[in-house]
Amino acid sequence: MLFTVLLGLITSSLIVPFGRFVKTKWGIILAFIPLLLFLYYLQYIPLISWDKSYVQHIDWIPSLGVNFDFRLDGLSLLFSLLITGIGTCIFFYAKSYLKNDPYIDRFFGYLFLFMSAMLGLVLSDNIFLLFTFWELTSISSFFLIGFNNDHAVSRKSALTALSVTGLGGFFLLAGLVLMGNIAHTYSISELAEKAHLIQDHELFPYILGLVILGAMTKSAQFPFHFWLPGAMKAPTPVSAYLHSATMVKAGIYLLARFFPILGSNPAWTYSLMIIGGITMLYGAFHSLFRTDMKGVLAYSTISALGILVFLLGIGTEDAIIAVAVFIVVHALYKATLFLITGIIDHATHTRDLSILQGLRKVLLPVAIAGFLAALSSAGVPLTLGFIGKDLIYEATLHSEQHVAIYLTVAAVITNILLVSAGFMAGIKPFMGTLPEKFEKINMPAKSLWIPPLILALLGVLFGCFPHIIGDWIAQPTVNSIMKVKTDFHLQIWHGFNLVLLLSALTIILGTILYFINKPNPRKLQWIERLNFIAPLTIFQKAYQRIYNFSTSYSNYFHNGYLRSYLLKIIIFAEVLLAYQLYLGGPLHINWDLLSTISVYEVVTVLIVFGAVALTLSTASRLTAVVATSVIGYGICLLFVFYSAPDLAMTQFTIDTLTVVLFVLVLFKLPPFLNLAKKRVLIRDVVVAIVFGIILALVAIRVLHVPTDIAISEFYGKNAYLLAKGRNVVNVLLVDFRGFDTMFEIIVLSIAALGVYSLLKLRLKSSEKE
Amino acid sequence: MKSTILQTASRYLLPILLLFSFFLLLRGHYFPGGGFVGGLVASIAFVLHSFAHGTNETMKILRYKPLSLIPIGLGISAFSMFMPAIFGLPVMTGLWLEHPIPVIGMIGTALLFDIGIYLVVIGVVLTILFTISLSSD
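Taken in order, these protein sequences are the chains called A and B. So the first sequence is numbered by the numbering used here: it starts at 1 and just counts up by one. So the second sequence is numbered by the numbering used here: it starts at 1001 and just counts up by one.
Bound conformation, chain A alone:
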């Protein structure tokens, strides 16, 4: 399983050097990679049964419990098939769709990255691995959404999507870590066995809240839904992929995956029912007012995601079956609708539903795909959508007695609105008379219209033979969510009952609504008047506040004046140290512990004093620098007296180089001008003297702290035994604490690169002048 994840990542990185290849017609070969993966996962269908899953374990950081644990069970298989299956269609489609785009290589790189991240996410059995892939999907979708990066709106949408999903990821991580710490395991399958431990823990409400927040942001649940319509700025294949089968379904996957751990209790049930219920009604209602095809699809996607969360909340066996089937239903029809939107957009250069009509005469196969998808989304018999809708009503009717009626009403209303939305996107552009300006449209390339047609036909095929989906896909999925063996078979005909009546009612009312509600820009304006209370506006305002606050905060602390930095750092250290000294109680000086003073030390200290006096009194910068270095050398001598030759040597050389550096920089500056005001001078003197006194006090205090010599003894003993060195300082640097040293030299290198690029860049701009 690891290789399926790696394949995409490797391909993605290979595109960097071999990007030119993607631009040739042979680039289509890339589309066979997801196909290959799809076939690979197809072979698992007969092998997966309710108690059998495939596991792969590779150690990564075993000491921290972070490992490459992959597990393929029914739920993972469902998602893997969707990701690779729909992915195959998208890859073929995108190759034609972006044929003339100069950055198509980049696009495929992002797309492969995203596909791998999604695959990794649904296959992970370790919460940290899951989280890593979760974040990777956010990041790679950021690149995909902002692909048209020369449009400001596009960049902004990508950033909104990233910040919302990234925020959710943050909550999710907290929830996951809490769970892991309570159960003492980071493996998801082991967590499921210890579900009672987590559910009985006092922190359970927080864990539940955090995980749900993570899922809500990713799956665009109210009030975090606003990033999804914004993400429509992405090229259409991306919208089709992200919003039908992958990105937004990741939150659904997360909830389904953690259902055995967190589910089946009132807190879970009610919070998800309420969140999902609001989202599905809100999204469906909003879809009525959109005139942009993608806008309609975006809001109907939000609504469909709401339905899924709502069903997961209900959590009965009926509801989970409905979840499994509806995921497939939605993926198939929504991907189709997005893809035909792309074709129409390409052909007519508009997505405005109030303009588009009669296109069936020029784009017949596309029209067929659109019709079938719209029918499936409406839940007309003999499509998979019909079965999906039946199962939803089945689930709401058989939920708890006292809420069943409300849930059913909410589901019916949502579905009526969605019928209208589906017709609007799938049928409206093809009906009526063809305007003159569209008459010259030619059929697009085969690789554009075949993928949506296949997906739409699959919706009908599965609708006529529902047991294919029911027995092979839905059953293992439900089993792995419920963790018990369930036995059900999907049927087209259930006989005359309430569900059938509701279904018929939904279609009839939805169709009527479709004919009444004509797309009209005026209605959009009407709904936009309510924007001031929209979550997007609130989010933007909050964002602006945070932004302003952080700007003023960093402008205060990061004002570009070195003297200001020094002052703040030193005053902060003074306060901290003084407080610590105060806590330590009164100070006693034990004269017996102090060593006797030799004449060398006295002389050295006198020289240092002289140098200090010179530094303060001189009027020349260079003299000041030289005097400072004399202080440094004096301190080096003290190191020598107290037998720290390594330290002294390093200090000597560093001091020398610092002087050189100072001279280089200061040489060019004008001579000392007395710019400092008297007040500033006094302030600096006070701060400096206080700091000196505090440090002296700390030094005296240190003498009284019983030193723990176990550590130095250990190094003394083992330097030669373990590391074959006699110089303990050096052995520490290169062996015992080698990692520290490694990172130190990396930091040094970064500093050098910083100086180099800063000065070189400045040089270049001056050369231009």
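Simulated from the structure, these hints should not be mistaken for laboratory data. Among the hints, erroneous ones may be present.
Stated by the list, open to error - Keeping only pairs whose Cα atoms sit at most 25 Å apart, straight-line, the calculated DMTMM-like set for lysine to aspartate or glutamate is:
| # | chain 1 | residue 1 | chain 2 | residue 2 |
| --- | --- | --- | --- | --- |
| 1 | A | K717 | B | E1098 |
| 2 | B | K1065 | A | E744 |
| 3 | A | K437 | A | D292 |
| 4 | A | K760 | B | E1057 |
| 5 | A | K724 | B | E1098 |
| 6 | A | K724 | A | E713 |
| 7 | A | K361 | A | E439 |
Keeping the supplied structure of chain A fixed, place chain B upon it in accordance with the hints.
Okay, now just chain B, sitting in the frame of chain A:
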């Protein structure tokens, strides 16, 4: 700064200081010294030369940009870090040749690591100083 004495002296001091820096590097494992100090001394040697003859002259002696020493040094250190992993040992395990080599002494990953540090330090110091001195000209 054109001083004949300094120019003549620096010409002789450069190889001697470099040799000394190498000496410090090699003895580091047993006596005071090591990659950091060695690297600093070597940088001082070049800095002295650049003071006497001008930075451009020193750059000619170096032939390559000091910046290129940084990735080489980091690479050597990283290699010595991960070399034990090739033999299936934990990263950063000290590996040593069994017998000491004349003049140099014991050779092991620690020495390799130190050489990496030595090069990075020279690269960093010279990059910073030379960039500043060239840009202020």
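We went through each hint and held it up to the structure:
1. For the hint pairing K717 (chain A) with E1098 (chain B), the CA-to-CA distance comes to about 21 Å; that is within 25 Å, so the pair holds.
2. Taking the CA atoms of K1065 (chain B) and E744 (chain A), the gap is about 22 Å. The hint holds against a cut of 25 Å.
3. Of the pairs offered as hints, the one joining K437 (chain A) and D292 (chain A) holds, with about 19 Å between alpha carbons and a cut-off of 25 Å not exceeded.
4. Taking the CA atoms of K760 (chain A) and E1057 (chain B), the gap is about 19 Å. The hint holds against a cut of 25 Å.
5. Annotation: proposed proximity of K724 (chain A) to E1098 (chain B) holds, straight-line Cα distance about 11 Å (limit 25 Å).
6. Pair hint K724 (chain A) plus E713 (chain A) holds up; C-alpha atoms about 16 Å apart against a cutoff of 25 Å.
7. Restraint check for K361 (chain A) and E439 (chain A): satisfied, since their Cα atoms lie roughly 8 Å apart, inside the 25 Å limit.
The structure shown violates none of the earlier numbered hints.
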